[in-house]
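We have chain A already, so just place chain B with the ligand on it with the hints.
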Amino acid sequence: MTDAAWGTLSNQAVAAAAVVYFLALLAHVVEWSSLRQTDRAMVVVGPGGGEVPARPTAPRPDVERQQDRVAVFGRLALLLTGLAAAVHLLALVARGMSADPNRVPWGNMYEFTLAGTFVVAAFYLVMSRRYALDWLGPVVVTFVLALLMVAVVWLYDATGPLPEALNSYWLVIHVVSAITATGAFTLGGMTSIAYLLKRRRGDAPETGIWARVPSLEKLDLISYRIHAFGFPIWTFAVLITGPIWAHQAWSSYWNWDPKEVWAFITWVVYAAYLHARTTAGWRGRNAAILAVVGTLTLWFNFIGINYFSSSSQHSYASAQATVRNEPAPWVHSG
Amino acid sequence: MTATETRPPRPAPERRSGELTLRELLRWTWRQLTSMRTALILLLVLALAAVPGSLVPQERVDSLKASQWKDAHETLTPIYEKLGIFNVYGSAWFAAIYLLLVVSLLGCIVPRTFVYARGLRAQPPAAPRNLSRLPSHAAYSTAEPADVVLERARRLLRRKRYRLRREPDGPAVSAERGYLRELGNLVFHLAVLVVLVGFATGTLFGFKGGVILVQGLPFANSLTQYDDFVPGTLFDVDGMDPFTFTVDDFDVEWLTSGPRAGMARGFSADLTYTEGPGEPEKSYDLRVNHPLTIDGTELFLIGHGYAPVITVRDGDGNVAASGPVPFLPTGPDLFSFGVVKAPFAEPSQIGLQGFFYPTFANVDGTPVNLGGNDVNPLVSLTVFTGDLNLGSGSSQSVYTLDTSRATELKGPDGKTLRLNLSPGETAELPDGLGSVTFDEVVSWQRIQISHTPGKNVALLGVVLALLGLMGSLFIRSRRVWVRVTEGSDGTLVEVAALDRSGGADTDAVLSGLVADLQEEHR
Ligand code: HEM
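Residue numbers (this note's numbering), protein chains in the order written: chain A, 117 to 450; chain B, -7 to 514.
Isolated chain A (complex conformation) (with noise of 0.2 angstroms):
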């Protein structure tokens, strides 16, 4: 095949995952209306003429169907993901092949989100058998989405060879860990975000999708699991192999540029969450508030920076992507 070729094929796949990943959201979608129903037929009317749930040992034909529908449409929801996570796949390796010579599929914005996007789904699946994670597939699955349409319509680059900087090996260091982490500080911002959610919601009666979330308790834990998994990763990327790194490229490990400072605030901002969790008055929703805030100033970093800054010189952000150039400033003369 020819570059080109392996160009077009990416593109498509990008397309296919979205519709496949569109397909498995709504999917979803049948699957939560089914679960409101469902409560809905649970609920009988009391004596006192409240709402009480109705016993789980009366079983009822049509609740049993629409239990049915959940479970069948919960796990085509997750086929469908499992799918589109695989064409997905299939597009970072046909763009890492479009490109002459062959590399890592990462080398400008379009393909960090294409690949960290990636990653946050392939997270979820791996995931959400051990920690019973399947609730959060609506959420997760749009997220990808999103960011996927972000990608296409605004990032977009044509591949092109590596700017001679990013040509290390480090890149595949540097780059796999700070997207894993990624990853798993997305997921993590989530069941946060749930916990939140859930937690504002009180004593309200636990229906539809929110029967399905786990207890504020194990929210907490799974959102700590996920968080102290990223975490070291996370101090890898960005305070072992980034410093490393810029100084051969750079001359400086650490230059306080854009990319860096947001970085270090990021892993600032989850140590304090790791902290909080420890600390009486804090842990539990404080916490949860962090992670989202970690969450934020991660996708601000990985995103939202370029656009505030020039003065980056992660130069992958703007199409000078070669080695800087700039002028050597005050010179003395005359």
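FYI, nobody ran anything at the bench for these hints, they're computed from the structure.
Heads up, some of the hints might be wrong.
Not everything, but these chain B residues come out facing chain A in the computed CB check (under 7 angstroms) [as the list claims (entries may be wrong)]: (1) W22; (2) T26; (3) R29; (4) L38; (5) A39; (6) F292; (7) S442; (8) V454; (9) L458; (10) M462; (11) L465.
Beyond 12 angstroms from chain B on every Cβ pair, some chain A residues (computed) [what the hints assert, rightly or not]: (12) D184; (13) L205; (14) R328; (15) I419.
Computed from a predicted structure; not experimentally measured.
Just so you know, even glycine gets a beta-carbon here, dropped at the ideal spot from N, CA and C.
What follows is chain B with the ligand alone, placed relative to chain A:
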């Protein structure tokens, strides 16, 4: 009631009590400073304080951008300057935050280290009287005799690498594991300090400088040779390594097809260098991502461009300026801008400014640059005569021309005179002012030179921090108790677990343990 409180109150002299409250105040302040909550808030403040430096250009990061920003924001600049917004990461208030954090960290970690060291040989605490009070507990009854169950529990827990309590414990086993967790946490926090020390060493004693060096011209490592130079606060100029180097040859690999055609892909500079006077000459292939280390100083290739060699003759026919003049690229295609100054030209000073096209083409009357390779080089210059304002005392960049007191030369058609020259061509200036020759074009390289002591200390620090962090996050620290009570209808076995790390599912541990205890029986 403690004994002290039953003693008759003794009136304390007033001065003493004042001292006491001061001491108390200090102690209270210290306790506050070293509390978890303060550490948490300081961390958040640090994160917040780092923000402005990413939005406003920093003098030490990009001085050119910073000064442009200052020119564009006249009202904000003096305020920001007072607040140190142009040098956030070197400002006093930023330092105050992280120094407070360091003090807090020391105050927190040092006592904990002693506690940890003392507790290292301590035994797991005896079983609480009422195990069912613990959040995670279970019980079952069995026909087995009590000591059999206890013995099995001991074996099981030992196999799971728990430390067992040796002192008498009644009819119970007390066990604990995960001592390394706290060690990991301590190592992590201490390593943060190591990183800070390494980082500070580099900032204080190191330097960072850059030079645009025309190919073939030698560089000797001394202050005067640098174009820009940012020394650390305690940097010692006399300690600079006395090396010299020259770029003999420079190779660029150009992209000829694809969306980035005309731009460069690979660069390499052939360097000869000596480590000091009298040392043998060595050579090195300097590339991006492939720096050269000479003693403790490192050289990096970070950019390149073209330097047209231009000769200016004045009205008397004397050479008023000659040599390669680095033009600065305006983009990745190396379309560049530059100026030539001939201050000693007679009868009046001559200044040239304009563009350099590596691959010039005339497309329907519009001059364009087709790529960065010097396939068809051309300079396009306008000419100024008069006073170039070089004597005004304030220093002037060699890359800009002050035309405020000079006049622009016009062509015969009354429009701005533009000299378009290919290599080897000469243009005569009107009114007998002289001539301009574009002799040839050579390349220049931008070499970044830096000396960063302490960088290995910082690296060691972060690696230690990561290891400690993993220990701290992934080692489970928990206590387990098993108590047996013999009754008339068999033995009651109570099991309880307590997780000390706050991230574990003790229920799962507990049920696993109970299952194991029962399993072996069957
Ligand atoms: C430079 C500033 C600091 C950073 C970057 C930092 C970072 C961290 C991180 C990432 C953790 C999580 C690891 C774990 O859960 O074991 C942690 C835990 C901890 N930190 Fe800090 N910390 C800092 C300062 C402090 C200070 C000043 C204190 C004392 C007040 C402190 C006390 C603790 C304690 C007690 C834990 C253990 C929490 C637990 O048992 O899980 N830290 N710290």
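Problem set entry | Violated constraints from the hint list, given by number and in increasing order | Hints 1 and 2 not satisfied by this model.
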